[in-house]
Amino acid sequence: MNQTINHQINNGAEPDLEHLWQFAGQGLRSSDFNTAMVHFYRGELTRSNVWRQRLDNTTNWAVITTGAALTFAFGSADNPSIVLLINTLLVLLFLFMEARRYRYYELWTHRVRILERNFFGGLLSPPFLPHSDWANQLTDSLHNPRFPISLLEAFGRRYRRNYAPIFLILALAWIAKTYLHPINARTFSHFLQRATIGPLPGTAVLIIGIVIHATLISVGLFTVSLQAATGEVFSDTTGKVSRIMHMFRLATAEALETDLPRLVRTDTRKQLVYIISDSVEAIGHALLEDLHRGVTLLHGTGMYTGKEHGVLMCALEARQVADLKKVVTGIDPDAFVIIMPVQGIHGHGVGFRPLEA
Numbered sequence: 001m002n003q004t005i006n007h008q009i010n011n012g013a014e015p016d017l018e019h020l021w022q023f024a025g026q027g028l029r030s031s032d033f034n035t036a037m038v039h040f041y042r043g044e045l046t047r048s049n050v051w052r053q054r055l056d057n058t059t060n061w062a063v064i065t066t067g068a069a070l071t072f073a074f075g076s077a078d079n080p081s082i083v084l085l086i087n088t089l090l091v092l093l094f095l096f097m098e099a100r101r102y103r104y105y106e107l108w109t110h111r112v113r114i115l116e117r118n119f120f121g122g123l124l125s126p127p128f129l130p131h132s133d134w135a136n137q138l139t140d141s142l143h144n145p146r147f148p149i150s151l152l153e154a155f156g157r158r159y160r161r162n163y164a165p166i167f168l169i170l171a172l173a174w175i176a177k178t179y180l181h182p183i184n185a186r187t188f189s190h191f192l193q194r195a196t197i198g199p200l201p202g203t204a205v206l207i208i209g210i211v212i213h214a215t216l217i218s219v220g221l222f223t224v225s226l227q228a229a230t231g232e233v234f235s236d237t238t239g240k241v242s243r244i245m246h247m248f249r250l251a252t253a254e255a256l257e258t259d260l261p262r263l264v265r266t267d268t269r270k271q272l273v274y275i276i277s278d279s280v281e282a283i284g285h286a287l288l289e290d291l292h293r294g295v296t297l298l299h300g301t302g303m304y305t306g307k308e309h310g311v312l313m314c315a316l317e318a319r320q321v322a323d324l325k326k327v328v329t330g331i332d333p334d335a336f337v338i339i340m341p342v343q344g345i346h347g348h349g350v351g352f353r354p355l356e357a
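Position 130, counted from 1, in the sequence shown is what the numbering used here calls 130; the numbers after and before it change by one each time, with no gaps.
Hints are supplied without guarantee of correctness; some may be wrong.
What the hints assert, rightly or not - With a cut-off of at most 30 Å between alpha-carbon atoms, the simulated DSSO-like pairs for lysine-lysine come out as follows:
(1) LYS326 x LYS270
(2) LYS326 x LYS307
(3) LYS325 x LYS307
(4) LYS325 x LYS270
In short, the hints are calculated from the structure, not lab data.
Based on the sequences and whatever the hints tell you, model everything.
Now the structure itself:
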């Protein structure tokens with residue numbers, strides 16, 4: 001079916017869309033289908049907005065309960081500090097609830113982004129047709145709904161975005177409350193004695209608190225590189241900080257003759273790059289040595305000039321695009337570079353690891 005339509009387009013004829021929908025057994029005209037897609041888009045957009053509001057609700061609950069706990073704890077010197085610990089557990093529960101809701105929000109937003117990127121975006125750019133596989137992606141999401149992101153990514157992102165300051169305020173407030181009330185603690189032993197909760201000694205309470213907060217911070221840091229969410233607008237990581245870290249790694253490689261591992265991989269979104277140049281050998285070797293990315297050499301002929309050109313195909317991550325441009329421009333300023341986002345890369349092949357540094 002798609003081959004027939006593509007053949008009609010290549011021959012300059014209008015595609016027989018009426019035949020397409022009759023063949024699919026829908027009995028729909030193309031205008032009916034477009035109307036259905038518009039209503040479907042509006043429905044999924046409303047769904048995502050509703051779940052976005054539910055995310056805001058849990059955050060509001062966490063802020064309100066924290067404010068109430070702080071007011072009660074510091075309202076009187078005789079009020080116990082345990083209320084701050086209980087509120088910390090309550091905020092942790094809100095964080096789990098929000099992470100779960102965030103996964104549902106991403107499910108509906110994922111469908112919205114499929115339509116925006118493949119259907120509407122395809123209609124607004126040449127050849128002014130939807131991309132060929134967009135319907136399969138949407139059908140798979142409708143028939144077999146799956147969360148596009150893991151619970152760990154959702155937990156880490158909501159912690160970094162909203163809950164890290166709340167946990168920090170509660171921790172500092174508990175330390176201040178335990179130290180100040182009813183009078184200032186004179187020694188650290190006196191502080192630990194005040195931190196005692198029933199049969200649980202103050203040392204154990206302090207250690208448990210440190211472990212909980214250290215675990216939360218670790219999850220927040222080590223999930224930075226997880227960027228499967230389609231409803232987020234990720235900031236450009238090719239700025240000064242990334243360049244400084246890259247320069248630091250290069251400096252240590254020269255001084256210590258070792259390549260330090262990247263502690264955090266940022267902006268791991270996949271990109272597919274085509275490079276058309278007459279210096280493909282030099283560019284290919286530079287990409288292999290500098291970016292550590294596999295490169296495939298293709299051969300093509302310009303239809304207008306009849307001249308043969310080399311075409312390099314390279315899969316990399318978005319954070320490496322700036323470095324790639326510098327490499328290509330330094331070798332061949334006239335090279336033609338095409339950069340496209342990739343929905344996903346599946347399979348490896350024999351000896352082919354395009355995204356392994």
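Hints, verified against the model:
{"no.": "1", "hint": "LYS326 x LYS270", "in the structure": "holds (19 Å)"}
{"no.": "2", "hint": "LYS326 x LYS307", "in the structure": "holds (26 Å)"}
{"no.": "3", "hint": "LYS325 x LYS307", "in the structure": "holds (24 Å)"}
{"no.": "4", "hint": "LYS325 x LYS270", "in the structure": "holds (16 Å)"}
Figure legend: structure checked against the earlier numbered hints; every hint is met.
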